[in-house]
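*Asks:* Chain order of the listed sequences is A and B.
Residue numbering for the first sequence follows full-length UniProt numbering, beginning at 1 and increasing consecutively.
Residue numbering for the second sequence follows full-length UniProt numbering, beginning at 1 and increasing consecutively.
There could be a bad hint or two in this list.
Said to hold, decoys possible - When the alpha-carbon atoms are kept at most 35 Å apart in a straight line, the in silico DSBU-like pairs for lysine-lysine are as follows:
#1 B:Lys-369 / A:Lys-60
#2 B:Lys-369 / A:Lys-72
#3 B:Lys-369 / A:Lys-47
#4 A:Lys-401 / A:Lys-72
None of these hints come from the bench; they were simulated from the model.
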Amino acid sequence: MAIEKMQRISLSNLEINFQEVEPGLTNQEAVEESNRCLYCYDAPCIKACPTGIDIPTFIKKIASGNFLGSAKTIMSSNPVGASCSRVCPTEELCEGACVLNHSTKPIMIGNLQRYATDWAIQNEQTLFQSGKSNGQTVAVIGGGPAGLSAARELARFGYDVTIFEGAEKAGGLNTYGIVSFRLPQKISFWEVEQVEKMNVKIRTNTMVGRDISVAEITENFDKVVIAIGMAHVPNLGIEGENLDGVFDAIEFVKATKDGELSNDFRGKRVVVIGAGNTAIDGATCSVRLGAENVKILYRRTEDEMTAYDFEYEFAKQDGVEFRWLTAPKRIIGDEKGSVTGIECIKMELGEPEPDGRRRPAAIEGSEHVLPVDAVVKAIGQTRYLDLIEQFGLTHEGGVVKVDKETLQTSNPQIFACGDVIFGKGKGDAMVVTAAQQGKDVAYAIHKQFIAVGTA
Amino acid sequence: MADLRINLAGIKSPNPFWLASAPPTNSGYQVQRAFEAGWGGAVWKTLGDPILNVTSRFAAISFNGQRVAGFNNIELITDRPLDVNLKEIYETKKKFPNHAIIASLMVEPKQEKWHEIVKRVEDVGVDGLELNFGCPHGMAERGMGSASGQVPALVERQTYWAKEVAKTPVIVKLTPNITDITATAEAACNGGADAISMINTINSLMGVDLDTWNTVPHVAGKGAHGGYCGPAVKPIALNMVAECARHPHINVPISGIGGISNWRDAVEFILMGATGVQVCTAAMHHGFRIVEDMIEGLNNYLDCKGIAAVSDIIGKSVPKYSDWGNLDLNYNIVAKINPEVCINCNKCHIACEDTSHQCIDMLTDANGKSYLKVREEDCVGCNLCSIVCPVDGAIDMIEAPRELAPMTWNERQAVLSVAAECKADIVK
Numbered sequence: 001m002a003i004e005k006m007q008r009i010s011l012s013n014l015e016i017n018f019q020e021v022e023p024g025l026t027n028q029e030a031v032e033e034s035n036r037c038l039y040c041y042d043a044p045c046i047k048a049c050p051t052g053i054d055i056p057t058f059i060k061k062i063a064s065g066n067f068l069g070s071a072k073t074i075m076s077s078n079p080v081g082a083s084c085s086r087v088c089p090t091e092e093l094c095e096g097a098c099v100l101n102h103s104t105k106p107i108m109i110g111n112l113q114r115y116a117t118d119w120a121i122q123n124e125q126t127l128f129q130s131g132k133s134n135g136q137t138v139a140v141i142g143g144g145p146a147g148l149s150a151a152r153e154l155a156r157f158g159y160d161v162t163i164f165e166g167a168e169k170a171g172g173l174n175t176y177g178i179v180s181f182r183l184p185q186k187i188s189f190w191e192v193e194q195v196e197k198m199n200v201k202i203r204t205n206t207m208v209g210r211d212i213s214v215a216e217i218t219e220n221f222d223k224v225v226i227a228i229g230m231a232h233v234p235n236l237g238i239e240g241e242n243l244d245g246v247f248d249a250i251e252f253v254k255a256t257k258d259g260e261l262s263n264d265f266r267g268k269r270v271v272v273i274g275a276g277n278t279a280i281d282g283a284t285c286s287v288r289l290g291a292e293n294v295k296i297l298y299r300r301t302e303d304e305m306t307a308y309d310f311e312y313e314f315a316k317q318d319g320v321e322f323r324w325l326t327a328p329k330r331i332i333g334d335e336k337g338s339v340t341g342i343e344c345i346k347m348e349l350g351e352p353e354p355d356g357r358r359r360p361a362a363i364e365g366s367e368h369v370l371p372v373d374a375v376v377k378a379i380g381q382t383r384y385l386d387l388i389e390q391f392g393l394t395h396e397g398g399v400v401k402v403d404k405e406t407l408q409t410s411n412p413q414i415f416a417c418g419d420v421i422f423g424k425g426k427g428d429a430m431v432v433t434a435a436q437q438g439k440d441v442a443y444a445i446h447k448q449f450i451a452v453g454t455a
Numbered sequence: 001m002a003d004l005r006i007n008l009a010g011i012k013s014p015n016p017f018w019l020a021s022a023p024p025t026n027s028g029y030q031v032q033r034a035f036e037a038g039w040g041g042a043v044w045k046t047l048g049d050p051i052l053n054v055t056s057r058f059a060a061i062s063f064n065g066q067r068v069a070g071f072n073n074i075e076l077i078t079d080r081p082l083d084v085n086l087k088e089i090y091e092t093k094k095k096f097p098n099h100a101i102i103a104s105l106m107v108e109p110k111q112e113k114w115h116e117i118v119k120r121v122e123d124v125g126v127d128g129l130e131l132n133f134g135c136p137h138g139m140a141e142r143g144m145g146s147a148s149g150q151v152p153a154l155v156e157r158q159t160y161w162a163k164e165v166a167k168t169p170v171i172v173k174l175t176p177n178i179t180d181i182t183a184t185a186e187a188a189c190n191g192g193a194d195a196i197s198m199i200n201t202i203n204s205l206m207g208v209d210l211d212t213w214n215t216v217p218h219v220a221g222k223g224a225h226g227g228y229c230g231p232a233v234k235p236i237a238l239n240m241v242a243e244c245a246r247h248p249h250i251n252v253p254i255s256g257i258g259g260i261s262n263w264r265d266a267v268e269f270i271l272m273g274a275t276g277v278q279v280c281t282a283a284m285h286h287g288f289r290i291v292e293d294m295i296e297g298l299n300n301y302l303d304c305k306g307i308a309a310v311s312d313i314i315g316k317s318v319p320k321y322s323d324w325g326n327l328d329l330n331y332n333i334v335a336k337i338n339p340e341v342c343i344n345c346n347k348c349h350i351a352c353e354d355t356s357h358q359c360i361d362m363l364t365d366a367n368g369k370s371y372l373k374v375r376e377e378d379c380v381g382c383n384l385c386s387i388v389c390p391v392d393g394a395i396d397m398i399e400a401p402r403e404l405a406p407m408t409w410n411e412r413q414a415v416l417s418v419a420a421e422c423k424a425d426i427v428k
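With these hints in hand, go ahead and build the complete structure from the sequences.
*Replies:* Take a look at the structure:
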C-alpha cells in the first residue's frame with residue numbers, strides 16, 4: 001500500500017488514477033492563504049477574470065468564515081465557477097494579474113475559489129432564486145457552460161427557460177470533456193442542479209434537429225440561444241482511419257468520465273495526434289488507463305503547441321513522450337482490422353502562416369513506422385453545420401456570426417454564445433469565456449426586452 | 001561581544017531577559033530548564049497561601065490567522081505548598097548561583113503576613129522580591145493582587161511592610177488596570193520600593209463562542225474576566241514604562257513587562273527606561289529556547305551600534321517622550337510613493353480616499369500603465385498610506401521643507417496669552 005501511494009500511476013487500480021489529482025486546500029491552508037490576500041482596491045485580478053468575479057471580496061469572506069457569502073460572490077459572477085476553479089488557466093488570468101507577483105508570490109485564487117465552492121457543494125447550498133416571472137420564454141440549445149450560464153442569468157431576470165441538451169446529462173464540456181482527474185463529474189452536476197433549482201427546465205437526450213424540430217423551437221419560444229459548442233474531432237484524412245483502435249479524443253475522454261473504466265488499454269502502446277489541451281487529455285487518460293507507452297505526435301514544435309504550460313508539464317510528469325515535427329501518413333492494421341502501427345513522416349517548419357505559426361512541410365523520404373495498438377485523434381473539433389444551417393444562420397465555416405453588441409445572429413430572434421461563435425485564431429477557447437458570453441447573451445436579451453417594454 | 005549584564009536595584013543577572021512570574025516559572029524543574037536555555041533570571045510564580053485552580057485556564061486571540069496575538073489566563077498564584085516551592089528555589093539557586101531568582105509574593109494586606117513571607121523566602125536565598133499588586137482575576141476578589149494595586153495608599157503601605165523586614169531588593173509589580181499608573185508607581189516609591197515592574201495583565205474577556213454563546217474560555221458554561229498579555233499589549237505596556245520613566249518623582253529602576261517577544265521589543269523597552277525585561281507569553285508560545293535569539297540579537301545590535309554594554313542604552317529615548325503640547329506644530333512630513341517599488345494594490349488610495357484626506361490619485365501614464373501619486377499640498381502627513389502599504393519602500397514619509405519656525409502648542413498658547421494681556425493693557 002505504501003508503495004502504491006508513492007506511485008503516480010496505479011496499474012492495479014485504475015480508478016485511483018482518475019481521482020482528482022490536486023487535493024483541495026485544508027481549512028488551515030485556506031485561512032492562511034485567504035489572509036495573505038491584500039484585498040486590493042480596484043484589483044487587477046477582477047479585471048483579469050473573464051467573468052469579473054469580485055475576487056478580493058470572495059477571499060475576504062473565506063478569511064472571515066463567511067463561506068456561503070464567498071460561494072455566492074463567486075457563483076453570482078460565474079455560474080460554472082466551481083468548475084472554473086479547477087480548469088481555468090489561472091496563471092494566465094487572475095493569478096497572473098495578482099499584484100503579489102511583483103513582491104512575493106501570487107495568491108492561490110483558483111484553489112481558494114475551489115475551497116469556497118466545495119464548501120457550498122458539501123453543504124448542499126442553494127445559492128440563487130429565480131426572478132419574478134416576466135412571461136417571456138427562452139429556449140437554450142445546449143447545456144454546456146455557455147448555455148447554463150445564459151439560462152441561469154435569464155432565470156434570475158424572470159424568464160421561463162428551457163435547455164435542450166442532446167446528451168444524457170447537462171454540463172457539456174464540464175461533464176464529459178474535461179478529464180475526471182481535473183474535474184470530477186459531480187462538480188459539473190452540482191452547477192447544473194443550481195440552474196435547475198431556478199425552475200430552468202432541462203430536457204436531456206433531446207437533440208434539436210433530431211428529437212425536436214428547429215421550427216418547434218422557433219415557434220414556441222420568444223427567444224432562442226444557440227450554445228451548441230463544437231462537435232467531434234475531424235478526420236485526419238489518411239488511410240486506416242476506420243481501423244479498430246482509432247479513437248476520437250473527445251469520445252475517448254468522455255468514456256472515462258462515468259466511472260466505468262476500460263481495461264482495453266492496459267499494457268498498450270498509444271499515439272495521440274495533436275498537441276492541444278485535448279491531446280494532452282487523451283494522452284494522460286491513456287497513461288491512466290494503464291497504457292505502457294504513450295506518445296504525442298505533433299507536426300510542429302514545442303513552441304507552437306497550444307496546450308497550456310501546466311498541462312504540458314503534467315503530461316511529462318505522467319511519462320508521455322513527445323515527438324515533435326512528426327505527422328501521421330497512414331495507419332496500419334492487421335488482417336482483423338486492428339491497428340498495429342502508424343506510418344509517420346518528419347516535418348520541417350517553413351514560412352509563417354497568417355496566424356503567425358510557421359507552416360510545417362514534409363521531409364521527403366523521412367517516412368518511418370511506429371508500432372502502436374491505438375491512435376487517438378485530437379486535431380481540433382468540427383462544427384454542427386447541419387443544425388446551424390437548419391436554423392438558417394449566417395456562419396463562416398460553422399462559426400456562427402453574431403452582432404458584437406447584441407450577440408444576435410442573422411436571425412434577430414436567435415442569439416449565440418460559447419464555442420459556436422468562437423472563431424479560429426481568437427485566443428483560447430476557455431470555459432470561463434463561454435460562461436461570460438452566456439451572461440452577455442442573457443443581458444442582451446433582457447436589455448432588448450426592457451427597451452421594448454418601456455417603449 | 002557587548003556586556004549584557006544588568007544590575008537592577010542590586011539584583012544582578014547575566015543578561016536582561018527574565019521569565020516573568022507566571023506558569024513558566026511554576027517549579028524548579030522549569031526554572032532550571034530556563035536557565036539552561038539561557039534566561040538571565042526568573043521571577044518565581046507568585047507564592048502565598050496555596051489556592052485552587054479551575055480548568056480551563058488560557059485562551060488566545062488569533063489575528064488574520066496569526067496565532068497568539070494576544071493571550072489571556074484565569075490561572076491564580078501557585079497551587080503548590082510554600083515548603084515545596086522554597087525547597088526548589090533553594091536547590092535552583094544553588095545550581096545557578098549567577099542567575100537571578102526573584103520571589104513573587106502575594107498575601108493578604110496585613111503587616112504580619114508580609115513580614116512572615118518575606119522572611120521565609122529570603123531564608124532560602126532569593127536575590128530579590130517582587131510584590132504582586134497586579135494580578136487582576138480571582139485573587140483581586142479576595143482583596144489581593146490588583147485590588148491592592150489599584151489603591152495608591154494600599155500599595156504604599158504594603159510596600160512599606162515588606163521593606164520593614166526585607167534584606168533583598170523589593171520590586172513592586174504594578175497593575176495596568178488603572179487610569180494613571182504613575183500614581184501607584186509613585187506610591188510604591190513612597191513605600192520604599194527599590195524598583196517597579198510593569199505591566200501585569202489587563203482585564204479581558206477573550207471572546208464569545210458563536211455557536212454555544214459561552215465565554216472563551218469557559219468553566220462549565222461560565223466565564224470570568226482574565227488577564228490579557230502577549231504581543232497585543234506591548235504598546236500599552238511601553239507607554240506605561242515610558243510614563244514612569246519620565247516622571248520626575250519616580251526614580252527607581254524599572255523592569256519592563258508586556259508583550260515582549262524578541263530582542264527588538266526588549267531594546268525598545270530598555271530605550272524607554274527599563275533596566276531589564278520580563279517575558280512570559282512568547283515563552284509559552286514557543287518554549288524557552290527563544291531566548292537564544294533574544295541574547296544573540298541584542299548582542300549583535302549593540303555590537304553593530306558600537307555600544308559596549310546594554311546598560312548604556314537604558315532610558316536613551318526617554319527625553320524624546322513628552323506631552324502633546326510640546327510637539328512642534330510646524331513640522332511637516334508628506335507621503336511619497338515610489339512607482340518602481342509600488343505594486344499597484346491601491347490600498348493607499350482607498351484608505352486615504354475613504355478614511356483620511358483624499359490626496360492619493362490613481363493615474364495612468366502615457367503608456368497606459370497605472371500609477372499612484374500623492375498631491376503633496378493636500379497631504380497632512382498622517383502615515384495611514386504607508387501603514388496600509390504591503391510593500392517595504394513603496395511609500396516613504398519624507399520631511400517637507402519647513403515654512404515656519406518650530407512652535408509647540410504650549411509655546412503658542414504662551415505667546416497668545418502674552419498678546420492677550422498686551423491687548424488688555426492697551427484697551428485699559
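*Asks:* None of the hints should be skipped; say for each whether it holds.
*Replies:* Hints versus structure:
| no. | hint | in the structure |
| --- | --- | --- |
| 1 | B:Lys-369 / A:Lys-60 | holds, 27 Å |
| 2 | B:Lys-369 / A:Lys-72 | holds, 32 Å |
| 3 | B:Lys-369 / A:Lys-47 | holds, 14 Å |
| 4 | A:Lys-401 / A:Lys-72 | holds, 33 Å |
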